[in-house]
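Asks: According to the numbering used here, the sequence shown is numbered sequentially starting from 26.
It is possible that part of the hints are untrue.
Said to hold, decoys possible - Label-pair distances were calculated between CB atoms; the ranges are:
| hint | residue 1 | residue 2 | range |
| --- | --- | --- | --- |
| 1 | Lys122 | Ile294 | 45 to 55 angstroms |
| 2 | Glu384 | Asn233 | 44 to 54 angstroms |
| 3 | Gln451 | Met154 | 26 to 36 angstroms |
| 4 | Gln293 | Val321 | 52 to 62 angstroms |
These are computed hints drawn from the structure, not numbers from a lab.
Predicted model only: the values in this text are computed from it and were never measured.
Each residue gets a CB set at the ideal place from its N, CA and C atoms; glycine is no exception.
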Amino acid sequence: MEKTEKMNKIRFIDTIKFKLIITIVVVQLLNLFIGNGVNLAINTVKDLFGDNEFAELLLSGGAGLIISTGLNIVIITVLFLLIYNKLVLNYIKHIIKTSRKWSEGDLSVRCKSEKNDEISILANNLNLMVDEYESIIEAIKNTSIDSKKLSARLKGNIEEATNITEEVNQSMIKLSDGSMQQAEHTSEVTEAVEHLIGEIDSVTYAMNDATELTNNANEKVTIGEKTIKNQQEKMENYITLSKNISSEMSALMTKSNEISEITESVNQIANQTNLLALNASIEAARAGEYGQGFAVVAEEIRQLAEQSTRSVDSIGDIISDIQNSIEKANEKIQTFNHNVYDQEDALNHTEEIFQSILEVFKNINEHVNKVTLSCETMSRTSEKVGESIKYISEVADTSAASIQNITASSEEEEAIFQHNLELAQQMEEITNTLSKHIKQFNVKV
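Construct all of the structure, not just a fragment, from the sequences and the given hints.
Replies: Written as structure tokens, this is what we have:
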């Protein structure tokens with residue numbers, strides 16, 4: 026904004042007004058030399074044709090003054106137009122040519138702004154506007170690409186979480202089999218089981234936190250889905266309103282056609298009235314003095330018929346203009362409808378993406394619940410193992426290894442769920458960025 030304001034500030038000596046003033050001053054100064062030159066040329070011609078009375082009469086007195094003044098005006102006008110075309114018209118034509126390319130979809134061209142006058146400032150502002158449009162389009166493209174990449178990564182992480190869950194279940198089975206073989210070394214087994222219970226509780230708490238985070242993300246996605254549905258309802262309202270406008274425009278076109286038919290009938294009546302007035306005038310002329318009053322009335326009727334004809338023609342022109350305007354309005358409405366349908370498709374696609382994300386979070390939540398349930402079951406089993414089984418050293422080593430595998434798997438699973446949460450947050454930020462760029466477009470109904 027500050028850069029634009031600095032560009033819009035120009036010195037008076039750089040303005041077109043100042044240049045035109047200088048041009049006028051220069052032309053006026055040149056006028057002195059041109060006037061002297063013209064007068065000198067006239068005097069030279071007079072000297073050459075001094076014996077010719079016609080030349081003497083033509084170049085002397087008022088006629089000579091008129092010729093001198095006319096030549097001065099022609100020369101000054103030509104000089105002024107050349108300078109004005111160089112200073113103003115060439116740049117305006119360049120801006121018009123560039124803007125025509127923009128309207129055709131070519132945003133790679135820019136207006137040249139080599140000077141610091143009003144037209145150059147206009148060109149700079151137009152260039153900044155086109156740059157902003159390009160940035161918006163590029164941002165939308167990049168956001169769409171990022172959304173696809175994040176969706177693929179999220180799917181891969183979920184598959185990895187499923188595999189880790191299976192490994193946890195296998196480790197739990199091995200731990201249960203080893204616990205069945207514990208018959209002795211009760212104190213060592215109790216110590217190991219208590220440690221295992223503590224680790225399981227930690228995993229359970231972590232799973233509960235992951236469930237809460239997943240539920241929060243699920244709520245955010247649901248809110249986004251409701252927002253999209255609200256936008257879809259608004260788009261449907263726009264479409265209904267546009268259809269109503271089209272119907273009203275069609276009805277207006279029908280009414281204008283009916284008016285055209287009525288004016289045509291009035292025009293025919295006026296022509297017939299004019300013909301009857303002409304016949305009445307002829308009959309009045311035949312009647313002589315007795316038909317003079319009737320002739321005056323017939324003439325008045327004829328004039329009224331001609332006025333009616335002219336009025337009907339004017340009404341016909343107005344109706345034709347109205348019909349042309351209605352056709353142009355219908356074309357603009359059709360263009361607007363196409364844009365609305367495109368935006369509706371984009372909203373539907375976005376809704377599908379949100380539904381897919383929602384389904385992914387549901388699957389993650391199911392896996393977390395399964396892991397939590399498995400941890401609770403394992404905790405109860407470990408307590409029973411600590412009370413009833415004796416454990417030999419070989420089986421104790423196996424149980425310790427199984428517990429380490431469970432801990433490592435749980436840590437990996439927690440990291441993956443945390444990464445999934447970060448991916449979901451990134452997806453939300455990207456969606457917000459996309460919405461922000463889309464809102465920069467102002468759609469007028």
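Asks: What hint numbers does the structure not satisfy?
Replies: Numbers 2 and 4, in rising order.
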